[in-house]
Structure formats: structure tokens, C-alpha cells
Amino acid sequence: ETGVTQTPRHLVMGMTNKKSLKCEQHLGHNAMYWYKQSAKKPLELMFVYSLEERVENNSVPSRFSPECPNSSHLFLHLHTLQPEDSALYLCASSQSQGSTEAFFGQGTRLTVV
Amino acid sequence: KNEVEQSPQNLTAQEGEFITINCSYSVGISALHWLQQHPGGGIVSLFMLSSGKKKHGRLIATINIQEKHSSLHITASHPRDSAVYICAPRKGAQKLVFGQGTRLTINP
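Chains as they are written, first to last, in my numbering: chain E, 1 to 113; chain P, 1 to 108.
These aren't lab readings, by the way, just hints derived from the structure by calculation. Check each hint, because a few of them may be wrong.
Straight-line Cα separation of at most 16 Å, EDC-like style, residue types lysine to aspartate or glutamate; simulated pairs [unchecked claim]: (1) P/K53 / P/E67; (2) P/K91 / E/D85; (3) E/K36 / E/E56; (4) P/K95 / E/E44; (5) P/K68 / P/E15; (6) E/K41 / P/E5; (7) P/K91 / E/E101; (8) E/K41 / P/E3; (9) E/K40 / P/E67; (10) P/K91 / E/E67; (11) E/K19 / E/E67; (12) E/K22 / E/E67; (13) P/K95 / E/E24; (14) P/K95 / E/E56; (15) E/K18 / E/D85.
Between the sequences and the hints, there should be enough to build the whole structure, so can you do that?
Below is the structure:
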């Protein structure tokens with residue numbers, strides 16, 4: 001248990017569906033991250049939020065839309081996804097954007113059918 | 001060429017064996033992390049180091065900044081050590097880059 005909780009753990013969705021992934025931390029951290037892990041590929045950073053402001057967006061398609069309503073919660077809204085978007089989506093948090101240690105959630109395994 | 005290369009990609013060993021996983025990187029870094037990912041997907045940070053060597057229980061991590069190389073060692077390996085181990089150098093102030101991971105299986 002790292003203190004970062006992701007829900008749901010598993011999600012199957014159709015290409016026309018809209019769904020959201022949720023990440024929650026009560027560690028008092030100010031930075032939160034979304035990562036994507038596809039099969040046989042390294043982790044890819046998608047978004048970084050610091051103090052509820054998006055500070056990094058690594059060329060992620062607009063069908064992925066992050067939201068950070070407060071420093072404890074981070075969402076990833078999904079719509080009109082493609083089968084190649086099927087992956088493990090991991091949330092992480094750290095004390096600040098420049099902190100050396102990040103705490104990861106368990107991930108949401110997403111399957112797009 | 002990837003910025004981070006791990007070897008081996010897959011490693012199977014018997015319980016009790018000494019395990020070494022290697023990581024080479026090509027970028028300038030401020031620190032390097034070793035992460036452990038269990039089959040369920042969750043990731044745990046094992047070490048963060050910027051020089052020398054760190055030890056935690058049966059795990060030892062070393063780094064040679066000049067040679068841009070780090071190793072993770074596991075002594076007296078156990079089936080519960082079976083996981084994917086990921087090397088993640090930190091570029092600059094905050095950006096982590098990730099290796100592809102080494103899948104370790106320890107058989108009883």
C-alpha cells in the first residue's frame with residue numbers, strides 16, 4: 001500500500017463509450033502524474049499536475065482528458081478510444097514536481113474493445 | 001537507441017541464487033530509481049541513488065555515474081522476489097525516463 005489509490009482496477013470499454021479513471025492520494029503531495037504502460041514498452045509519462053495546474057502534456061491525443069480538481073484527486077477522462085489505447089494506466093504522486101521520490105498507485109488495466 | 005537499456009530482459013533463477021540486473025543509460029541524470037512492479041501492476045520504489053551504493057535487506061543497488069551504469073542485486077533470492085524490475089534515471093529536475101524492465105522469476 002503506497003497511499004495512492006486508483007479506481008477502477010480493471011475497465012473494459014467500447015470505442016464509443018465515455019469513462020473516467022480516478023486517482024486519489026492523501027499523502028499531502030502537490031504533484032500528480034498519469035503514466036501509460038503498454039505491453040512490452042517502457043512507461044510513458046502522459047500528464048503532470050503541480051498544485052492543480054497542468055505543467056506537462058506529452059503529446060497525448062485529445063481523447064485523453066485529465067482533470068485535477070484539487071491536490072488529492074486526479075482524473076483521466078476517456079472518450080472515443082482506440083483498441084491500441086488498451087494498456088495499464090498508472091497514477092503517481094510526489095511531494096512536489098521536483099521531488100525525487102514518487103509513489104505509484106496499483107494502476108487501472110484498460111481494455112478497449 | 002533507447003535512452004535506458006536494461007539487461008537481461010528476462011531472468012529465471014532458482015530460489016537462493018544471487019541475482020544481478022543491469023541498467024545502462026545515455027543521458028545526464030541527477031539520480032536513478034529502481035522500481036519493482038508486481039503482476040497486479042502496482043509499482044513500488046525500491047531505491048533512489050545518485051552515487052555509490054545502497055542496501056535494504058537483501059537488495060543492493062549500485063551506481064557508477066562516470067560509466068552511466070547501475071546494478072540491482074538480490075541476495076538469497078526468494079519466489080516472492082518474482083516481479084518486473086524497472087530502472088528509471090531522472091533527467092534534470094523532475095523527468096523520469098524508464099527502462100523496459102527485467103522480468104524476474106524465482107522458482108522454488
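Legend entry - Agreement of E/K41 and P/E3 with the hint, judged by alpha carbon distance not exceeding 16 Å: Holds. E/K41 to P/E3 sits at ~13 Å (cutoff 16 Å).
Legend entry - Proposed proximity, E/E67 with E/K19 (alpha carbon, max 16 Å): Between E/K19 and E/E67 the Cα gap is close to 13 Å, so the pair holds against 16 Å.
Legend entry - Straight-line alpha-carbon gap E/K41 to P/E5, limit 16 Å: 12 Å, holds
Legend entry - P/K91 paired with E/E101 [C-alpha distance capped at 16 Å]: 13 Å, holds
Inset, instruction - Verify the proposed pairing of E/K22 with E/E67, using a straight-line Cα cut of 16 Å. - result: 10 Å, holds
Legend entry - Given pair status - P/E15, P/K68, alpha carbons within 16 Å: Roughly 30 Å between the alpha carbons, so the hint for P/K68 and P/E15 is violated.
Inset, instruction - Would you check the hint for E/K18 and E/D85, treating anything up to 16 Å between C-alpha atoms as holding? - result: 14 Å, holds
Legend entry - Given hint P/E67 paired with E/K40 - CA-CA distance at most 16 Å: At roughly 27 Å apart (the allowed maximum being 16 Å), P/E67 and E/K40 break the hint.
Legend entry - Proposed proximity, E/E56 with P/K95 (alpha carbon, max 16 Å): 10 Å, holds
Legend entry - Pair hint P/K91 and E/D85, alpha-carbon separation not exceeding 16 Å: 27 Å, violated
Inset, instruction - Take the C-alpha atoms of E/K36 and E/E56, compute the straight-line distance between them, and say whether it is at most 16 Å. - result: 14 Å, holds
Inset, instruction - Measure nothing beyond the straight line between the CA atoms of P/K53 and P/E67; if it is 16 Å or shorter, mark the hint as holding. - result: With a Cα-Cα distance of about 14 Å, the restraint between P/K53 and P/E67 holds, given a limit of 16 Å.
Of the hints listed earlier, those the structure fails to meet are numbers 2, 5, 9, 10 and 13, in rising order.
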